[in-house]
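Engineer: Produce the complete structure using the sequences and hints provided.
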Amino acid sequence: MSNETELKELEQMLQGILSDDTEYFLVSVSIKPTNNIKVFVDGDKGVSIQKCVQINRSLYKQLEEKEIYPDGNFSLEVSSPGVDEPLQLHRQYLKNIGRDVEVVFVNESIKEGKLITVTEKDILLEIVTGKGKKAVTTPLVIPFSQIKSTTVQIKF
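Note that the sequence shown covers residues 650 to 805 in the working numbering.
Calculated directly from the structure, the hints in this document are not laboratory data.
Every residue, glycine too, gets a C-beta built ideally from N, C-alpha and C.
One or more hints might be untrue.
Within a straight-line C-alpha distance of at most 20 Å, the following computed EDC-like cross-link-like pairs (lysine to aspartate or glutamate) qualify [stated by the list, open to error]:
hint	residue 1	residue 2
1	Lys681	Glu734
2	Lys715	Glu653
3	Lys797	Asp771
4	Lys804	Asp733
5	Lys687	Glu713
6	Lys715	Asp771
7	Lys681	Glu716
8	Lys681	Glu658
9	Lys687	Glu653
10	Lys710	Glu655
11	Lys687	Glu716
12	Lys710	Asp670
13	Lys763	Asp693
Ranges between beta-carbon positions, derived for each pair [to be verified]:
hint	residue 1	residue 2	range
14	Leu789	Gln699	37 to 43 Å
15	Gln802	Glu769	20 to 26 Å
16	Asp720	Val753	41 to 47 Å
Structural biologist: Shown next as structure tokens:
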């Protein structure tokens, strides 16, 4: 079975597992040459460790039943994307409205600001320059076509 066929089958299994609870959604699936399967799942309100364990057990059981990997020659990791993982889906952008993000443009330039709104075509950032009384807030609309990656920024 080719890697692409395996990925499609895994995605279908995961969609089936996630279809019961619309709060959660599949972000990505990858398979390393060592049959290490890595699944990223997210939720509109985040994902608990218990939910990841539940998804892992369901998928593991299906993989064993279908004997996709003979002799159980695979490993499986199910987790939520960490804060260092770029946003990949429109739904992830919606979930992160109000948070500070770093946007890397296709031309490699970078802007940081607060994610204010998300539409089907673009995002609106609020960019603050200067400090204190001299701070100036500027809105910036960025089309998705110009975005290479967007990462949530954690500020302390």
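Engineer: Decide if the proposed pair is consistent with the structure: lysine 687 and glutamate 653, CA atoms, cutoff 20 Å inclusive.
Structural biologist: With a Cα-Cα distance of about 14 Å, the restraint between lysine 687 and glutamate 653 holds, given a limit of 20 Å.
Engineer: Given the proposed pairing of lysine 681 with glutamate 734, does the C-alpha separation stay at or below 20 Å?
Structural biologist: 18 Å, holds
Engineer: Would you check the hint for lysine 681 and glutamate 658, treating anything up to 20 Å between C-alpha atoms as holding?
Structural biologist: 15 Å, holds
Engineer: Given the hinted pair lysine 710 and glutamate 655, is their alpha-carbon gap at most 20 Å?
Structural biologist: Between lysine 710 and glutamate 655 the Cα gap is close to 16 Å, so the pair holds against 20 Å.
Engineer: Holds or violated: lysine 715 with glutamate 653, Cα cutoff 20 Å?
Structural biologist: 17 Å, holds
Engineer: For lysine 763 and aspartate 693, compute the direct alpha-carbon distance and say whether it is at most 20 Å.
Structural biologist: It holds: about 19 Å lies between the C-alpha atoms, which stays within 20 Å.
Engineer: Taking only the CA atoms, is the gap from lysine 715 to aspartate 771 under or equal to 20 Å?
Structural biologist: 41 Å, violated
Engineer: Within a Cα-Cα threshold of 20 Å, do lysine 797 and aspartate 771 meet the stated pairing?
Structural biologist: Distance ~13 Å between lysine 797 and aspartate 771 Cα, so the pair holds.
Engineer: Does the Cβ pair leucine 789, glutamine 699 satisfy 37 to 43 Å?
Structural biologist: This hint holds: roughly 39 Å between Cβ atoms.
Engineer: Is it true that the CA of lysine 681 sits at most 20 Å from the CA of glutamate 716?
Structural biologist: 18 Å, holds
Engineer: Assuming the hint says 41 to 47 Å, is it satisfied by the Cβ distance from aspartate 720 to valine 753 or not?
Structural biologist: 42 Å, holds
Engineer: Are the Cα atoms of lysine 710 and aspartate 670 separated by 20 Å or less?
Structural biologist: Cα-Cα ~19 Å, so holds.
Hint compliance for this structure: hint 6 is the single one not met.
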